[in-house]
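Colleague: Each chain, letter by letter, is given below.
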Amino acid sequence: MNTKTLLRNALLLAVLAIPLLPFAGDYLLHVLTLIMVYMVLAMGLNVVPGLCGMLDLGFVGFYGVGAYTCGLLTMNYELSLWLILPIAALNGAVWGILRGAPTLRLTGDYFAIVTFGFSELVVLFLTNEIWLTRGPLGLPGIAPASIDLSWLSKAINPEWDWYWEFIGEKPYFYMAFVMVVGVFFMMRRIEDSRIGRAWFAIREDDLAAASAGIDVQIYKVIAYAVSAAIGAVAGSFLARWTMFLSPDMFKFWESFLVLCMIVLGGLGNMTGALLGSVVLIAMGELLREILPRLGMPAETRFIVYGLIMVLIMRFKPSGFLPKIADAALHNPIIVELRRSLKAKGVV
Amino acid sequence: MNASAPLLKVDGVSKQFGGLMALSEVSFEVLPGRITGLIGPNGAGKTTLFNCIAGVYTPTKGRLLFDAADGARRTNGFKPERMTALGIARTFQNIRLFSQLTVLDNVRIGRHCRTSQGLFGAIFRTAAQVAEERRIVDEAMRWLSFVGLEGKAFFQSSALSYGDQRRLEIARALATGPRLLLLDEPAAGMNPQETASLVGLIHAIMKEGVTVVLIEHDMKLVMSICEHLVVLDHGMKIAEGGPRDIRENPQVIEAYLGRGAAHA
Ligand SMILES: Nc1ncnc2c1ncn2[C@@H]1O[C@H](COP(=O)(O)OP(=O)(O)OP(=O)(O)O)[C@@H](O)[C@H]1O
Ligand SMILES: [Mg+2]
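Same order as they appear, the protein sequences are chains C and B.
Position 6 (the first sequence) corresponds to 6 in this note's numbering; numbering is contiguous.
Position 254 (the second sequence) corresponds to 1254 in this note's numbering; numbering is contiguous.
Just so you know, these hints were derived from the structure itself, not from any lab.
Virtual Cβ for every residue (Gly too), placed ideally from N, Cα, C.
Please note that the accuracy of each hint is not assured.
Estimated spans, in silico, between C-beta atoms of each pair [as the list claims (entries may be wrong)]:
1. C/LEU311 <-> B/MET1021: 33 to 41 Å
2. C/VAL347 <-> B/HIS1234: 30 to 38 Å
3. C/MET313 <-> B/PRO1041: 37 to 45 Å
4. B/ARG1063 <-> C/PRO102: 51 to 59 Å
5. C/MET313 <-> B/ALA1196: 39 to 47 Å
Only chain C is shown next, with the shape it has when bound in the complex (with noise of 0.2 Å):
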């Protein structure tokens, strides 16, 4: 094991062992927690304009759809949040699909204003089909989520019953940390084969992209579906933790602001979506408090944002993290590969 590799389990167990700590009170798992969804928001998005160069200024719609797909199937049926997961992970690749499908001969800024006409569209349907959202008045009341393996139990011995149901901050830090390691992995590993270089080839140049055999609008479609997946089961964690959903929620500002997160971690680098997302909300957090102290509104934080990203602009145009197609150093074929060109002297 490398110091690298090291490092990153120590910081691993680190975050793990947060909620141990004497002083780990509800405010900051919970900061902590919507560092982690944001995480998930930031890596999703990441696929459409890091990885495949597509800017996409809608992806809040997503979110939105997973939230209220979780959020009406519990209230609505009583699911299990672990049934709902890849129901509503479907649901935002459909939605992503049609999102997609009719906009693949549009590129840059037309593109973005669709994705941006998308998000609206979800927010205005939120707010008005009142027979399904109930609106403005929202989703309140949603369960928790909890974990239900009464049956197993049961089965064994009549007088157990593992059943949990989730309360307070902790055990949802702990899902919400197994969604951003699970998301990760999966899309390093994504990144890291041929659907990976395809968008990578995509996001370089589409006609060379297509020259080399790539059919372009197929795999724009497979990167809105994942991207939009992700996204919506960031949602369906949001709904069942907050346990309460509204249409303003799902608002431009949310799509501005994970898109600040990839462009400052680095667009098309996981790594720098997570970087990305734990620099901005816990800068948020701090403006939160700051602000009203210096007599402004909380809501002036965008303006920071905004601030922050013209600095970013003017100094680090690629972000903290530029590198593209890292994870494909690191696979075990390229390292046999990289070491035996090196016993030969070749490089």
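Starting from the structure of chain C, add chain B with the ligands where the hints point.
Modeller: Leaving out everything else, chain B with the ligands in the frame of chain C:
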């Protein structure tokens, strides 16, 4: 000279851009195993013709017939990725690499159309996926050493010299497993040594069973390696034949040097 059927037949192909006839009724055949050169002054329509053959443009008129592995077929209107899958690969006049990716990844992407693993294989790293990835790397390295870039496999492709970038584009094109390779001004920007080794490379490509069609302005290069030449001017084919005939063809001299030069 060659009894085998043509690999590519360009039959009365025209391409119009608004009011501009970039190509008008161009016809010629590419025989397998024979290096064909496509020459003509700037703006003659050479690149446009490549773009029609490679599926980037659909010809306004005429037919393109490609003898793919599974039989001859009309390919008008096929998209570029489909042409690549059928066996036509190309390079670009103004180099188009995936510039932020490594040299190796550029060539690996060339294997895309000959491989098939999807999301499931990628996420779960199935045995089949790993085996395919291994084959992709082996193939890519084979083509990289073929063009002499093995030692730069892990360079970012934009960090390569101009000549190396052209070679990398050729390696990426070869990785797609073509039968026909279209090279658009491969020697542009190369120094004399690089050009000399390009000649060797093109002969090696032919030995691999890949037929080369070449657009080139460097007449010395063209005359030395092309066995057959097609000359375009203002979108029209003005001559066709062996290098010697072309060199002495008055119409060609006129196109290149202007009216009156042919009689000088
Ligand atoms: N997409 C396009 N739209 C409009 N006109 C075009 C397009 N592509 C090419 N042309 C025009 O068609 C004509 C032929 O261009 P082409 O690039 O094929 O020439 P060429 O023979 O490759 O020249 P060069 O030697 O300079 O590369 C030119 O007048 C060019 O401006
Ligand atoms: Mg040209």
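Colleague: Give a verdict on every hint.
Modeller: Hints versus structure:
1. C/LEU311 <-> B/MET1021: 33 to 41 Å: violated (52 Å)
2. C/VAL347 <-> B/HIS1234: 30 to 38 Å: Because 49 Å falls outside the window, the suggested range is violated.
3. C/MET313 <-> B/PRO1041: 37 to 45 Å: holds (44 Å)
4. B/ARG1063 <-> C/PRO102: 51 to 59 Å: violated (32 Å)
5. C/MET313 <-> B/ALA1196: 39 to 47 Å: 45 Å Cβ-Cβ, so the 39 to 47 Å window holds.
Checked against the numbered hints above, the structure violates hints 1, 2, 4; every other hint is satisfied.
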